[in-house]
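S.K.: Use the sequences and the hints to build the structure in full.
Under mature numbering (1 follows the signal peptide of the UniProt record, and there is no 0), the letters of the sequence shown match residues -18 to -1, 1 to 475, in that order.
FYI, nobody ran anything at the bench for these hints, they're computed from the structure. In this text the structure is predicted, and so the values were computed from the model without any measurement. Where hints are given, some of them may not hold.
Claimed, not checked - Cut-off 30 angstroms, straight-line C-alpha distance, at most; resulting in silico cross-link-like pairs (DSS-like, lysine-lysine):
| id | residue 1 | residue 2 |
| --- | --- | --- |
| 1 | Lys446 | Lys388 |
| 2 | Lys446 | Lys391 |
| 3 | Lys391 | Lys114 |
| 4 | Lys77 | Lys53 |
| 5 | Lys391 | Lys413 |
| 6 | Lys446 | Lys113 |
| 7 | Lys77 | Lys330 |
| 8 | Lys145 | Lys391 |
| 9 | Lys320 | Lys223 |
| 10 | Lys395 | Lys265 |
| 11 | Lys145 | Lys388 |
| 12 | Lys113 | Lys145 |
| 13 | Lys413 | Lys53 |
| 14 | Lys178 | Lys77 |
| 15 | Lys320 | Lys361 |
| 16 | Lys53 | Lys114 |
| 17 | Lys13 | Lys53 |
| 18 | Lys366 | Lys39 |
| 19 | Lys388 | Lys142 |
| 20 | Lys178 | Lys53 |
| 21 | Lys142 | Lys77 |
| 22 | Lys446 | Lys395 |
| 23 | Lys413 | Lys178 |
| 24 | Lys142 | Lys391 |
| 25 | Lys395 | Lys13 |
| 26 | Lys145 | Lys53 |
| 27 | Lys77 | Lys413 |
| 28 | Lys395 | Lys114 |
| 29 | Lys145 | Lys77 |
| 30 | Lys223 | Lys361 |
| 31 | Lys330 | Lys39 |
| 32 | Lys13 | Lys77 |
| 33 | Lys13 | Lys113 |
| 34 | Lys53 | Lys446 |
| 35 | Lys13 | Lys178 |
What the hints assert, rightly or not - Ranges between beta-carbon positions, derived for each pair:
| id | residue 1 | residue 2 | range |
| --- | --- | --- | --- |
| 36 | Thr109 | Asn66 | 29 to 37 angstroms |
| 37 | Leu282 | Asn240 | 22 to 30 angstroms |
| 38 | Tyr254 | Pro97 | 30 to 38 angstroms |
| 39 | Ser434 | Gln146 | 38 to 46 angstroms |
| 40 | Ala243 | Gln146 | 54 to 62 angstroms |
We put the beta carbon where it would ideally sit given N, CA and C, even for glycine.
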Amino acid sequence: MNLQAALFLLLSLTSALCNSNVNEALTYSDKNVNRIDEDLLQLAAIPSISSLPEHAKDIIAASQWLIDHLKSSGLENVQLLPTNAQPSVYAEWLKADGAPTVLVYGHYDVQPVDPLQLWNTPPFEPTVDRKKDMLFRGRGVSDDKGGLLQPIHAVEAFLKTSKQLPVNVKFLLEGQEEIGSPNLAELLHENAGLLKADIALSADGGQISAEHSGIALGLRGGIAFEVEAQTVDVDLHSGMKGGSVQNPIHALAQFVDNLHAPNGSVNVEGFYRGVRERTEEDKADAAAFPFDEAAEMASLGAMGPHGEEGFTTLERRWLRPTLDVVGIWGGFTGTGIKTIVPSKATAKISCRLVPDQDPVAILEALRAHTEGHAPPQTKLTFRKLPFHAQPYLMPRNTMANRAATKVLKGLFKGPFYYREGGSIPALALMKEHLGIWCTSFGFGLSTDNLHSPNERYMITMWDKGREAWIRLLQEISTEAALENASDAAKDEL
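M.R.: Structure (structure tokens):
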């Protein structure tokens, strides 16, 4: 028997044992589903809102809950990784000799809950109903507390049954993703040795629908800023002074309107520097993607698609940078009327960026545009906001993507390759500081009301995620073994 045949015989024998371990882990997970559900309810009950200083104690409470749970699941070297603000949580299990090391990323911080009056249930009194509507409800159940618990439960299921994992595992659970991960780059740089891995997986992400799975190859980056328009020192009586001085709301509206050209493109010099042209592969991915534009517009209550001319809706989301006003105010906004010409008006603006755009350069282009395009009798002040994410685009044929493809094929239709319109700073930062690509492997849906009132998580997706993470850890081990066997066979030849 030659080396190649011997290697593949060994792989076949090992596969039978691995399948047995997977089945035992799945059985354990199903038997403990009520307790696993309760884990999510407990974690989601902690209001770990990273953007509000008054919830600093809740950030610590959530991180401590995770530390305790990681330890009880069988993970080792569990610790806080401090930053200048919200800490990250680290854990590991490194006893799978010869197997790859997988770094699992997730985040335990959540968005604010405003407007509270629009919630049907209290946001931090989460509920689960497995008999009627099949939903978890509460802030963070989908983004990302449900997501990060799935790989932890997968590790627990293996360690409580076969006493071993098919791969080595490290966890990095962040506490400031929802504010743009301002300290993550420094944390990754300072802990590069501790976090060294062969593969990274993100539990923060989602699937296309309850029926269709996908592998997100890319994410848009992002920046944000605000522009303040000031025309007078104090608010003025609109009868006595109106019509004789510049109104800052009018001036700001004029400035904002001129940020886009009539064709929907961003009207700022240098904004499109570095943007790649569409490829045939990009077009094919968009054409294959299961997307019903009319149905989506109806579900959103939108009157129809809108955006940069010459591109489809998916191409606008995947391949093109955008500029959006996300908040604007000025003057009197209370009940009734207060007849003034206000002194100031402000707009908050965010931009989503695509691969090869430089967020720093784009921000400076926007600053220069603001300084050079003030309306008459108006002072414009530009302020950078703390949101910064590099665009991210990974190759298709990575080991993690191959393993994820096999797992998802057994649970959904697909998977389809696509790009996300949103931003997860950690993925690009892990490539920059750790040198590894990160595959998103989450199970939330766009209909989960992420960042909105009445956040929810479908139990069918929660359950599929439990199964998928168990299968994925084993599939990565199998992919690595096949790759090693193939390399050995090539060396023999």
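S.K.: Against each hint, give a clear statement of whether it holds in the structure.
M.R.: Hint-by-hint comparison with the structure:
Using a Cα cut-off of 30 angstroms, the hinted pair lysine 446 and lysine 388 holds, with the two alpha carbons roughly 14 angstroms apart. Proximity of lysine 446 to lysine 391 is assessed by CA-CA distance (about 12 angstroms); at most 30 angstroms being required, the pair is judged to hold. This hinted pair checks out: lysine 391 and lysine 114 have alpha carbons roughly 28 angstroms apart, not beyond 30 angstroms. With a C-alpha separation of about 16 angstroms, the suggested pairing of lysine 77 with lysine 53 holds against the 30 angstroms cut-off.
Between lysine 391 and lysine 413, the direct Cα distance comes to roughly 27 angstroms. Compliance with the 30 angstroms bound is thereby established for this hinted pair. Note on lysine 446 and lysine 113: the hinted pairing holds, with a Cα-Cα distance of about 17 angstroms set against a maximum of 30 angstroms. Restraint check for lysine 77 and lysine 330: not satisfied, since their Cα atoms lie roughly 49 angstroms apart, outside the 30 angstroms limit. A C-alpha spacing of about 28 angstroms is found between lysine 145 and lysine 391, which places the hinted pair at or below 30 angstroms, so the restraint holds.
For the hint pairing lysine 320 with lysine 223, the CA-to-CA distance comes to about 14 angstroms; that is within 30 angstroms, so the pair holds. The hinted pair formed by lysine 395 and lysine 265 meets the criterion: a straight-line CA distance of about 20 angstroms does not exceed 30 angstroms. At most 30 angstroms may separate the alpha-carbon atoms for a hinted pair to count; lysine 145 and lysine 388 meet this at roughly 25 angstroms. At most 30 angstroms may separate the alpha-carbon atoms for a hinted pair to count; lysine 113 and lysine 145 exceed this at roughly 33 angstroms.
For the proposed pair lysine 413 and lysine 53, the alpha carbon gap of about 28 angstroms is at most 30 angstroms, so the pair holds. Restraint check for lysine 178 and lysine 77: the C-alpha separation of about 15 angstroms stays at or below 30 angstroms, so the hint holds. Among the hinted pairs, lysine 320 with lysine 361 is consistent with the structure: their alpha-carbon atoms are about 24 angstroms apart, no more than 30 angstroms. Only pairs whose Cα atoms come within 30 angstroms are accepted, and lysine 53 paired with lysine 114 is rejected, the gap being roughly 34 angstroms.
At roughly 21 angstroms between alpha-carbon atoms, lysine 13 and lysine 53 fall within 30 angstroms of each other, so this suggested pair holds. Proximity of lysine 366 to lysine 39 is assessed by CA-CA distance (about 28 angstroms); at most 30 angstroms being required, the pair is judged to hold. Restraint check: the Cα-Cα separation between lysine 388 and lysine 142 comes to about 25 angstroms, which is no more than 30 angstroms; the hinted pair holds. In summary, the hint linking lysine 178 to lysine 53 is supported, as the alpha carbons are separated by about 21 angstroms, within the 30 angstroms threshold.
In summary, the hint linking lysine 142 to lysine 77 is supported, as the alpha carbons are separated by about 15 angstroms, within the 30 angstroms threshold. Distance restraint check for lysine 446 and lysine 395: the Cα-Cα separation of roughly 13 angstroms lies within the 30 angstroms cut-off, and the hinted pair is therefore satisfied. At most 30 angstroms may separate the alpha-carbon atoms for a hinted pair to count; lysine 413 and lysine 178 meet this at roughly 11 angstroms. At roughly 27 angstroms between alpha-carbon atoms, lysine 142 and lysine 391 fall within 30 angstroms of each other, so this suggested pair holds.
Between lysine 395 and lysine 13, the direct Cα distance comes to roughly 27 angstroms. Compliance with the 30 angstroms bound is thereby established for this hinted pair. Of the pairs offered as hints, the one joining lysine 145 and lysine 53 holds, with about 15 angstroms between alpha carbons and a cut-off of 30 angstroms not exceeded. Between lysine 77 and lysine 413 the CA atoms are separated by roughly 25 angstroms; this keeps the pair inside 30 angstroms, and the hint holds. In summary, the hint linking lysine 395 to lysine 114 is supported, as the alpha carbons are separated by about 25 angstroms, within the 30 angstroms threshold.
Between the alpha carbons of lysine 145 and lysine 77 the distance comes to roughly 10 angstroms, so the proposed pair stays at or under 30 angstroms and holds. Taken as a hint, the lysine 223 and lysine 361 pair is honoured in the structure, with Cα atoms around 19 angstroms apart against an allowance of 30 angstroms. Proposed proximity of lysine 330 and lysine 39 is supported: the alpha carbons are some 28 angstroms apart, at most 30 angstroms. Taken as a hint, the lysine 13 and lysine 77 pair is honoured in the structure, with Cα atoms around 26 angstroms apart against an allowance of 30 angstroms.
Between lysine 13 and lysine 113 the CA atoms are separated by roughly 17 angstroms; this keeps the pair inside 30 angstroms, and the hint holds. With a C-alpha separation of about 24 angstroms, the suggested pairing of lysine 53 with lysine 446 holds against the 30 angstroms cut-off. Between lysine 13 and lysine 178 the alpha-carbon distance is near 34 angstroms, which puts this suggested pair outside the 30 angstroms criterion. Separated by about 36 angstroms at the C-beta atoms, threonine 109 and asparagine 66 satisfy the suggested range of 29 to 37 angstroms.
At roughly 27 angstroms, the beta carbons of leucine 282 and asparagine 240 sit within the given window of 22 to 30 angstroms. Distance hint check: the CB atoms of tyrosine 254 and proline 97 are about 36 angstroms apart, consistent with the given range 30 to 38 angstroms. Between serine 434 and glutamine 146 the CB atoms are about 41 angstroms apart, so this pair conforms to the stated range of 38 to 46 angstroms. About 60 angstroms separates the C-beta atoms of alanine 243 and glutamine 146, a value consistent with the hinted range of 54 to 62 angstroms.
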